[in-house]
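**Q** For reference, the chains in residue letters:
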Amino acid sequence: MSTGTTSAGTAGPRTRTRRARSPLARYLLRRAGTSVLLLIGVTIVTFTLTNLVPGDPVSAALGEGAAQNPETREAFIRSRGLDQPFVVQYFLYMGNLLRGDLGTSLVTGRAVTTDLATAVPATVEIAIAAIVVSLAVSIVLGTLAAYRRGLVADQVVRVVTLVGLSVPTFWLALVSFYLFFLQLRIAPGSGRISPSITPPPRVTGFYTIDYLLNGDGVGFLDAAAHLALPVLVLSLVTIGLLTRFIRTSVLEVLASDYVRAARAKGVSGARVVLDYVLRGASLPILTVVGVAFGALLSGTVLVESVFSWPGLGTYAYNSASNLDLPGIMGVGLVVGVIYLVINFIVDLLYGVLDPRVRLA
Amino acid sequence: MTGVLTIDELTVDIGRPLVKGVSLDLHPGRIHGLAGESGSGKTLTSLAVLGLLPRQATTGGSVRLGDTELLRMGRRELNRIRGRRIAMVFQDPSSALHPQLTVGHQLTDHVRTHLGLNRSDARDHAVEMLERVAVPNAADALGRYPHQFSGGQRQRICIAIALACDPDVLLADEPTTALDVTVQAGILQLLRDLATERELAVLLVTHDLGVMSAIADDVAVMRDGRIVEAADRATIFAAPQHDYTRGLLAALPGSRLETGTHLEEDGA
Numbered sequence: 001m002s003t004g005t006t007s008a009g010t011a012g013p014r015t016r017t018r019r020a021r022s023p024l025a026r027y028l029l030r031r032a033g034t035s036v037l038l039l040i041g042v043t044i045v046t047f048t049l050t051n052l053v054p055g056d057p058v059s060a061a062l063g064e065g066a067a068q069n070p071e072t073r074e075a076f077i078r079s080r081g082l083d084q085p086f087v088v089q090y091f092l093y094m095g096n097l098l099r100g101d102l103g104t105s106l107v108t109g110r111a112v113t114t115d116l117a118t119a120v121p122a123t124v125e126i127a128i129a130a131i132v133v134s135l136a137v138s139i140v141l142g143t144l145a146a147y148r149r150g151l152v153a154d155q156v157v158r159v160v161t162l163v164g165l166s167v168p169t170f171w172l173a174l175v176s177f178y179l180f181f182l183q184l185r186i187a188p189g190s191g192r193i194s195p196s197i198t199p200p201p202r203v204t205g206f207y208t209i210d211y212l213l214n215g216d217g218v219g220f221l222d223a224a225a226h227l228a229l230p231v232l233v234l235s236l237v238t239i240g241l242l243t244r245f246i247r248t249s250v251l252e253v254l255a256s257d258y259v260r261a262a263r264a265k266g267v268s269g270a271r272v273v274l275d276y277v278l279r280g281a282s283l284p285i286l287t288v289v290g291v292a293f294g295a296l297l298s299g300t301v302l303v304e305s306v307f308s309w310p311g312l313g314t315y316a317y318n319s320a321s322n323l324d325l326p327g328i329m330g331v332g333l334v335v336g337v338i339y340l341v342i343n344f345i346v347d348l349l350y351g352v353l354d355p356r357v358r359l360a
Numbered sequence: 001m002t003g004v005l006t007i008d009e010l011t012v013d014i015g016r017p018l019v020k021g022v023s024l025d026l027h028p029g030r031i032h033g034l035a036g037e038s039g040s041g042k043t044l045t046s047l048a049v050l051g052l053l054p055r056q057a058t059t060g061g062s063v064r065l066g067d068t069e070l071l072r073m074g075r076r077e078l079n080r081i082r083g084r085r086i087a088m089v090f091q092d093p094s095s096a097l098h099p100q101l102t103v104g105h106q107l108t109d110h111v112r113t114h115l116g117l118n119r120s121d122a123r124d125h126a127v128e129m130l131e132r133v134a135v136p137n138a139a140d141a142l143g144r145y146p147h148q149f150s151g152g153q154r155q156r157i158c159i160a161i162a163l164a165c166d167p168d169v170l171l172a173d174e175p176t177t178a179l180d181v182t183v184q185a186g187i188l189q190l191l192r193d194l195a196t197e198r199e200l201a202v203l204l205v206t207h208d209l210g211v212m213s214a215i216a217d218d219v220a221v222m223r224d225g226r227i228v229e230a231a232d233r234a235t236i237f238a239a240p241q242h243d244y245t246r247g248l249l250a251a252l253p254g255s256r257l258e259t260g261t262h263l264e265e266d267g268a
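Same order as they appear, the protein sequences are chains A and B. In terms of UniProt numbering, the first sequence opens at residue 1 and continues consecutively. In terms of UniProt numbering, the second sequence opens at residue 1 and continues consecutively.
For the record, the hints were derived by calculation from the structure and aren't laboratory data. One should not assume that every hint holds.
[What the hints assert, rightly or not] Just the calculated beta-carbon pair ranges, DEER-fashion:
(1) A:G215 with B:R112: 37 to 47 Å
(2) B:D243 with A:L24: 56 to 66 Å
(3) B:G186 with A:T204: 52 to 62 Å
(4) B:S38 with A:R30: 36 to 46 Å
(5) B:D243 with A:A255: 29 to 39 Å
(6) A:R26 with B:T177: 48 to 58 Å
(7) B:H105 with A:Q183: 44 to 54 Å
(8) A:N96 with B:S150: 53 to 63 Å
(9) A:R26 with B:G186: 47 to 57 Å
(10) A:R26 with B:R112: 34 to 44 Å
(11) A:A255 with B:T68: 23 to 33 Å
[Claimed, not checked] Only part of the chain B face toward chain A is listed, based on derived beta-carbon distances under 8 Å:
(12) L50
(13) M73
(14) E77
(15) N79
(16) G83
(17) T113
(18) G116
(19) N118
(20) H147
(21) G152
Since the model is a prediction, treat every value here as computed from it, not as a measurement. Glycine is no exception: its CB is placed at the ideal position from the N, C-alpha and C atoms.
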């Protein structure tokens, strides 16, 4: 027996499943525990960095005029605890955070949590759509290139991915917006929906899904059409990245004994690809998809500003350019949380895809 | 007498000639040993039979299963032979089994294709096969993954997979090399028994003449892409004709053969 936890060569099926399930639970609990620690780390980093920013948050918050008045200034500083030591300020911040209070945005005048509640789903909707599109395209292209290694198809894929990786996202966003909206008029304009349409009642915050839940076909099509162009622009870079990686992983798996053994059994070519090759390549692909999702989030800042998409990127840009500290900290925190969630999901999927993680 | 599988003047060229005219006849119920050091072309010979050579390889000569020529066969036709009429067992069972697929999956997917069995019949068949190769708790084993088995058990599973569709020919490429010495004998005995009971023609590829002497009926010794000597086991081991064969035999630990010749320096 190669497993360390059990000598179950003779164990019946019942005992085995019960024993085998606990390692996965333990593995996930451990990951969740790490995530909580990391989350605390994220708050420390965002708080520290934001407070190191050169610039006068008091002037930014009150406006140049009011900040000239020493009494107003004094009152503001005391009310926000800005006269307290740094560590005390951090705990004040954490206390508010735990109550779900991220402060008030200086730009919008609304609670940061309220702003984020609409901005985050807008961005996550693009990001998820883009990662799904990129992954689907990349798996096909990468596998094709690996199977046709050195042949014409491989070269074509190589050029496509090179273009995807070299074209700057903001340039592509501008050009495609100009071409498909202003010239060809086949893409809808900027924003999440057309001005003539009312937003769906909020359930998930994803317009496409909320329209569907509401049974509003027209709204769904409009939201999907608005989503299409930014998603395609964002996907191109990710496709370049993923395709190259998938090609390499598939080549590695194709050279493996288990693929040769599957062929020797007379399993059909399609079954070999789906059951053996892609499953074998799934773990490295999963790892890089997690990384790609992060890269994709940073790409949304550029794409959102071109398409006037009211998401996290636009919000981050506005907060930063106005020295809106509560807004900036809110964005930092949310981005940190998104990364943690992605990592947790990736870890979870490792457990699902790899029995050695799940059962060992 | 012509065998079930006839390899005739087989050549394999991958950038340079690696197999230079190999002829072998495999007969039902007999184990045909193919010996030789690594790089002698013995593994390429077995891969060529199933069309598993790398894409850039070119082949010549002929490989016939009964009256059917295999070398120039299309992929689709070949897939009906692979696993069904000719099966293969590989050197390292820990890499020849897919780590993310259950034993049951790997033991039934080709059976369902080749024999047209439904899921539950294929499953019953798989249990029988595992019981035949002496994997404990066969029914339970189907739901488990390769890493949950020992090396010897994994190779037994590979043998069960290979023989599940009751093929005529088994190609075994160094089937015991990656295993502990203590379990090698069990695997060899299993192969010997299966060859006899299933009228299976076995091509046993190995560099290990000790393994060969244990179970092979006929032995061919390969060197540098050619067969330098072929005879039945008794003849080869009692009276090796070729210097190279004597050298290989002399290199066996505890060899009873005193040939006085040593393996000559290999310049190739």
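**Q** Please go over all the hints and tell whether each is borne out by the structure.
**A** Going through the hints against the structure:
no., hint, verdict
1, A:G215 with B:R112: 37 to 47 Å, "holds, 42 Å"
2, B:D243 with A:L24: 56 to 66 Å, "holds, 60 Å"
3, B:G186 with A:T204: 52 to 62 Å, "holds, 59 Å"
4, B:S38 with A:R30: 36 to 46 Å, "holds, 44 Å"
5, B:D243 with A:A255: 29 to 39 Å, "holds, 37 Å"
6, A:R26 with B:T177: 48 to 58 Å, "violated, 37 Å"
7, B:H105 with A:Q183: 44 to 54 Å, "holds, 53 Å"
8, A:N96 with B:S150: 53 to 63 Å, "holds, 58 Å"
9, A:R26 with B:G186: 47 to 57 Å, "violated, 36 Å"
10, A:R26 with B:R112: 34 to 44 Å, "holds, 36 Å"
11, A:A255 with B:T68: 23 to 33 Å, "holds, 29 Å"
12, L50, "holds, 6 Å"
13, M73, "violated, 12 Å"
14, E77, "violated, 10 Å"
15, N79, "holds, 5 Å"
16, G83, "holds, 4 Å"
17, T113, "holds, 7 Å"
18, G116, "violated, 13 Å"
19, N118, "violated, 17 Å"
20, H147, "holds, 5 Å"
21, G152, "violated, 11 Å"
Checked against the numbered hints listed earlier, the structure breaks hints 6, 9, 13, 14, 18, 19 and 21; every other hint is satisfied.
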